[in-house]
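*Asks:* Chains as they are written, first to last, in the working numbering: chain A, 1 to 273; chain B, 274 to 589.
These are computed hints drawn from the structure, not numbers from a lab.
Backbone N, C-alpha and C define an ideal beta-carbon position, used for all residues, glycine too.
It is possible that some hints are incorrect.
[Claimed, not checked] Below 20 Å or equal to it, Euclidean Cα-Cα: the simulated SDA-like pairs (lysine to any residue) are: (1) A/97 / B/480; (2) B/492 / B/509; (3) A/97 / B/301; (4) B/584 / B/509; (5) A/137 / B/313; (6) B/299 / A/2; (7) B/395 / A/7; (8) B/492 / A/9; (9) A/2 / B/492; (10) B/492 / B/480; (11) B/393 / A/8; (12) B/291 / A/8.
[Said to hold, decoys possible] The following residues of chain A were derived to be distant from chain B, with all beta-carbon distances above 10 Å: (13) 135; (14) 169; (15) 186.
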Amino acid sequence: MKAIGRIALYVSITIFFLLSIFPFYWMFVIGSRTTADTNRFPPALAPGGLYIENITKVFNEIPFFLALWNTIMVASLVTASTLFFGSLAAFAFSKLKFRGSSWLFGFIVATLMIPGQLGLVPTYIIMSNLGWINDLKAVIVPGLVGAFGIFWLKQYIDSTVHNELIESARMDGCTNFQTYSRIALPTIRPALASLGILTFMGVWNDFLWPSVVLKDAEIQTIQIALRNLNRVYYRDNAMIMAGTFLATLPLLAAAIAFSKQFIAGLTQGAVKG
Amino acid sequence: MSLKTDATLASSTVERRKPWRTQSFKDHLSGYLYISPFFLIFGVFTVFPVLWSGYISFFSWNILGDKEFIGLQNYVWLITDDPRFWKSVGNTFSIWILSTVPQLFFALVIANILNSNVLKFKQFFRVGLFVPNVTSLVAVAIVFTSIFGYNYGLLNYALNSLFGLENTDWGASYYGAQLVLSIMVMWRWTGYNAIIYLAALQSIPGDLYEAATIDGASKTQQFFHITIPMIRPMILFTVVMSTIGGMQLFVEPLLYQGAQGGSQGQVLTMVLYLYDTAFTKNSFGYASAIAWLMFLIIIAFSFFNMYLTRKIQSAN
Chain A
1 MKAIGRIALY VSITIFFLLS IFPFYWMFVI GSRTTADTNR FPPALAPGGL YIENITKVFN
61 EIPFFLALWN TIMVASLVTA STLFFGSLAA FAFSKLKFRG SSWLFGFIVA TLMIPGQLGL
121 VPTYIIMSNL GWINDLKAVI VPGLVGAFGI FWLKQYIDST VHNELIESAR MDGCTNFQTY
181 SRIALPTIRP ALASLGILTF MGVWNDFLWP SVVLKDAEIQ TIQIALRNLN RVYYRDNAMI
241 MAGTFLATLP LLAAAIAFSK QFIAGLTQGA VKG
Chain B
274 MSLKTDATLA SSTVERRKPW RTQSFKDHLS GYLYISPFFL IFGVFTVFPV LWSGYISFFS
334 WNILGDKEFI GLQNYVWLIT DDPRFWKSVG NTFSIWILST VPQLFFALVI ANILNSNVLK
394 FKQFFRVGLF VPNVTSLVAV AIVFTSIFGY NYGLLNYALN SLFGLENTDW GASYYGAQLV
454 LSIMVMWRWT GYNAIIYLAA LQSIPGDLYE AATIDGASKT QQFFHITIPM IRPMILFTVV
514 MSTIGGMQLF VEPLLYQGAQ GGSQGQVLTM VLYLYDTAFT KNSFGYASAI AWLMFLIIIA
574 FSFFNMYLTR KIQSAN
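Model the full structure from these sequences, guided by the hints.
*Replies:* Shown next as structure tokens:
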């Protein structure tokens with residue numbers, strides 16, 4: 001009986017696993033063949049030998065590495081700043097007593113419900129008045145600190161950074177900022193790791209806003225650049241997939257490298273409803 | 274205890290002479306300072322644009338032409354004379370239900386499997402389940418289009434050769450396209466939610482289960498009486514986040530069927546309609562009215578959601 005249960009367990013998790021990675025695998029299959037190959041019946045299921053050829057075409061069509069570099073710049077800056085300002089605000093809401101703090105925190109949580117697209121048109125107009133169209137600033141500045149990060153980190157600080165610690169730090173003469181940087185920050189490292197991964201991935205794969213404000217090829221992020229591989233008359237899916245596959249690898253590597261910390265960050269602070 | 278009293282005494286003595294040296298003053302100063310970056314950014318790039326779009330919604334404004342004040346006319350048109358808008362509202366909700374319910378159910382199943390003591394290679398499975406979330410939407414759209422394609426699609430091929438079924442035109446049929454889109458969303462987020470649930474499962478103390486086993490509770494009873502209640506906060510969190518995400522669904526339908534949401538608007542969601550109106554047709558006034566009406570619908574739905582979850586909680 002026990003053995004059957006165990007087999008069922010492995011079979012079902014393997015099915016979920018395969019369903020999860022199959023489209024990713026197929027991305028590589030398409031990227032290593034010709035587009036004509038994929039428009040055939042029966043469809044090809046094994047990788048072909050044309051990956052290098054396809055990726056070379058990508059490099060000729062778009063400034064791939066420049067776009068990748070832009071994306072890394074934007075994602076790193078936004079992530080670093082989200083973690084810094086987010087944890088600072090979360091620390092204030094969790095450990096400092098100031099008038100209106102609970103009301104302001106409630107307000108921040110409520111803003112999560114505002115769809116980002118609600119102010120799309122005016123934000124575009126603001127950006128064009130600032131002269132930030134075709135400037136990475138247009139993508140970086142609005143993302144410097146977000147409501148979700150503050151919410152996430154505040155919950156974590158509430159449940160992991162004890163008030164006794166804060167009090168004893170103060171008795172030792174720590175200023176508020178020292179208490180934040182020496183006591184709170186080291187304790188919430190796991191939560192910072194998971195929020196950092198989520199933020200980085202979000203920015204890396206962000207599509208709508210960058211596509212609205214970044215028009216010039218030399219300033220685009222990788223998602224927008226890849227999207228430009230679509231031609232009106234003929235869409236070379238093989239080429240697009242070759243490029244997208246390559247652009248996903250760094251992110252996948254980062255996710256694997258940090259997956260332990262990611263889980264740890266979720267577990268210890270267990271978000272409260 | 275006496276130490277603390279001394280400290281309080283000392284600080285109150287200081288308070289009389291130098292108010293800016295008290296902890297309370299410092300807390301206020303740092304508190305407002307630390308949260309100010311958010312409010313600054315939020316004010317400039319969210320509050321101001323949102324209010325401005327409310328103002329624009331009272332005008333007829335094409336980006337090239339002049340603004341003309343028309344009062345509530347945009348809203349009147351939108352509510353009484355725009356079937357496409359109402360179609361987009363309906364689509365948003367049907368796609369949301371189609372993707373969220375199975376997604377959270379499977380996530381719970383997967384999390385329970387991953388949490389099992391006998392399972393090995395957990396790290397390996399976990400990474401695999403996280404792959405969809407890392408994959409860019411551009412790739413997801415192309416891959417799913419080719420899996421669910423009409424002539425050369427993988428699924429049609431499989432159904433054809435295994436069961437001898439005729440080819441189905443998934444993208445062109447109304448519910449077929451919505452189904453494909455929902456599967457796309459599910460594929461991307463099920464593993465993510467599973468990992469969130471897994472984290473919650475791991476924080477349940479093991480002795481709860483031991484005690485239940487001694488009392489003779491079956492595995493199923495344990496699941497419904499220990500597991501579910503213990504991870505309820507996390508379930509609520511995922512429901513809230515999926516609702517926020519689902520109501521704002523946009524990039525997937527855009528990449529899958531274009532800005533029109535397909536030939537008959539199969540996957541035209543609210544945000545996609547807003548995007549199309551603003552950036553393809555350049556009708557900024559009308560687009561702003563869409564944005565505000567959409568916002569009101571989301572708020573109403575969120576309150577309904579909260580009411581429902583409170584009901585469910587108090588019922589237990």
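*Asks:* Each hint needs a verdict: does it hold in this structure or not?
*Replies:* Each hint tested on the structure:
no., hint, in the structure
1, A/97 / B/480, "violated (37 Å)"
2, B/492 / B/509, "violated (23 Å)"
3, A/97 / B/301, "holds (7 Å)"
4, B/584 / B/509, "holds (13 Å)"
5, A/137 / B/313, "holds (16 Å)"
6, B/299 / A/2, "violated (62 Å)"
7, B/395 / A/7, "holds (15 Å)"
8, B/492 / A/9, "holds (15 Å)"
9, A/2 / B/492, "holds (14 Å)"
10, B/492 / B/480, "holds (14 Å)"
11, B/393 / A/8, "holds (14 Å)"
12, B/291 / A/8, "violated (71 Å)"
13, 135, "holds (15 Å)"
14, 169, "holds (12 Å)"
15, 186, "holds (18 Å)"
The structure shown violates the earlier hints numbered 1, 2, 6 and 12.
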